Amino acid sequence: MRAIVVKKLIGPDGAGLDEIPEPQGSHWLSPGERMLLDVHAAAICFPDLLQTRGQYQHSVPAPFVAGGEVAGVVVESPPGSDFAPGDRVLGLARRGAMAERALVPPGYVLRLPDGLSFAHGAAVYINYCTAWYALHRAGARPDETVLVQGAAGGVGTAVLQLAPRFGVRTIAVVSSDAKEQLVRGLGANEVVRSGDPWLAEVRGLTGGRGVQVVIDMVGGDRFTDSVRVLAIGGRLIVVGFAAGSIPTLKVNRLLLRNLTLIGISMDIMEEEHPGTVAVINAAVQALLDDGTIVPVVGARVDLENGAEALRIMERREALGKIVIDVRR
Amino acid sequence: MRAAVIEELTGPDGLRVRDFPDPVGAHPRAGGQRLLVEVHAASVSFPDLLQSRGEYQISTDPPFVSGGEVAGMVIEAPADSRFAPGDRVAGMTIWGAMAERALALPDYTVKLPDAMDYAHGAALWLNSATAWFAVQRAAVQPGETVLVQGAAGGVGTAALEVLKDRGARSIAVVSSAAKAQVAREMGANDVVRSNGPWLEQVRALTDGRGVEVVLDPVGGDRFTDSLRALDVGGRLVVIGFAGGSIPTVKVNRLLLRNLTVTGIGLDPMDHRFPGTTRRVSEAVVALADRGVLRPRIGARLPLEQGAEALRILERREAVGNIIVDVRA
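If you read the protein sequences in the order shown, they are chains B and U. At position 105 of the first sequence (counting the first as 1) the number is 104 in numbering that gives the first Met the number 0, and the numbers step up by one without a gap. At position 248 of the second sequence (counting the first as 1) the number is 247 in numbering that gives the first Met the number 0, and the numbers step up by one without a gap.
Chain B extracted, bound-state conformation (with noise of 0.2 Å):
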């Protein structure tokens, strides 16, 4: 089969269209479970530019196939999982994802509606499931509002578009006009640039009182701004670094404020708590079913120029989730 090889781990150079076997037994999550589909699109996030340094956190040696999110049809299943061969699916590979046949664990797989492209299905797994965790763990409760740092982001804008069905307002803080029209149309109820004083304007927007909810997957320097801007028993959630620099914070801060602090993970939380994941899929897949979710794509490239896909993702060109059709 045809696959995006990663032979050298120096970045997206490394990465070239080979022709190689067909994946064998099972994926090294779910051993003995194999679960096998035809790919027709896979997408990637920055773990997966990472990884082609050896720089991410799971890395493997060289070689192996690029490529974390898939979109396909099952060409086989484990005896009693919930998939048949003929379905289309969507699912978290995590390598392997950027070739005509991809493992994937049944645990990390949902089924793709009817109305929903391939492409589309390849850009849902991470950015939804994150986002649902994000607003669940926050314990968002209907006529709270939300800032969403990062907002035109993969997880930010999966937020946007859960959020109604959480019956929170949101307040997408973004850095561009480009990223500002997109929340936008996205269904954000207020936007903030951070290059304004965003932190007067949400008190300005709350009546002064501040937000009860922050979704922050940028940290570095805004993070104490976020604190700031958190209503009195506000929460705020920790998703990741973006910004590349990892926060402190002094906790008299919270308890002067009544404020609380959520770190999120869901793999190491599954670990210790199995069942974890389950519950986030049984919930994005009830948001995919009744037409929730609609993914922003940002760049579409063929399964030749996978290498190129994570180029655009290091030159961080692409608003929206770059995705590689691998059967057109």
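Keep in mind that the hints were calculated from the coordinates and are not lab data. One or more hints might be untrue.
Said to hold, decoys possible - To list a few chain U residues with every Cβ distance to chain B over 10 Å, as calculated:
{"#": "1", "residue": "GLY30"}
{"#": "2", "residue": "ASN188"}
{"#": "3", "residue": "ARG310"}
Unchecked claim - Example chain B residues on the side facing chain U (calculated, C-beta under 7 Å, incomplete):
{"#": "4", "residue": "ILE231"}
{"#": "5", "residue": "THR259"}
{"#": "6", "residue": "LEU260"}
In this text, all values refer to a predicted model and were calculated from it rather than measured experimentally. For every residue, glycine included, the Cβ atom is placed at its ideal position computed from N, Cα and C.
Dock chain U against chain B, hints included.
Here is chain U on its own, set in the frame of chain B:
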């Protein structure tokens, strides 16, 4: 009336026991509600010492009567209040308790169970309310394991009692053999010593997993180890900084293990969500009625030695509340 009066903000030496005018009107923080109590016992704690130096965030100008907690009999109560003349009550005064008569704050006052004497009553409200609010904000479930820092202190011992009543398992962290004995008497399931390898011991006591919840009135250098003692998905409640220094958290610690850190402060919470304190008071009186809460008395002095009560606090001598008997 006789009263222990802070004349100058110079610490315990600025306190004189002398005649002082009877309180007029309502307590300035009681929203105009005059609740006048014939004082039988007062209790002093750390904020009272800070007030005597002008170092506490909530205070009043000298000369003022010292003493943050009171137990006694109602002389006058607002017509529409839960209290009537003759009721035995206990609660917070913030200042004013070390006198023959004091103004109480209705929301911060409870009816004293018949079985509890005034000396114990004066030690009831602050520690019990703080402990109950902390357990509530942590959403402790029956069967969960809770680590209590500073477990022999006022909030710590009340927390041990509340946890036992809730069906949770407690691990007490204490600094001496005498305090270990206190923690065991108050119902701690396990006791570890802060000067020993307590983190390893806590892990061993929890099959290597760690605890679901940490209640921390101490802060200081131990804070990072308190986070390390949590199981994946665990919650830490920041109650105060009796250790003196305010800790800092690097927030990737929360992300990597799905941890939650919550600060609690009853007064600001009640400002934003009126009724919070009233609910806490109702919970405290219900627990006291059932005999769950048994405040510990560490020292007892007559009113004439009011300054000495503050000095005992300053020297951190007492294990348990410092009670001043106004009517013996």
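Here is what the structure says about each hint:
The beta carbon of GLY30/U sits about 19 Å from the closest Cβ of chain B, which is more than 10 Å, so the claim that it is off the interface holds. The beta carbon of ASN188/U is kept farther than 10 Å from every beta carbon of chain B, the shortest such distance being approximately 22 Å. Here ARG310/U stays apart from chain B, with its beta-carbon at least about 27 Å from theirs, past the 10 Å limit. Interface restraint check: ILE231/B against chain U, minimum CB-CB distance 4 Å, threshold 7 Å, status holds.
With a cut of 7 Å, the hint placing THR259/B at the interface with chain U holds, because the nearest CB-to-CB distance is about 4 Å. Nearest Cβ of chain U to the Cβ of LEU260/B: about 5 Å, under the 7 Å cut. The hint holds.
Hint compliance for this structure: no hint is broken.
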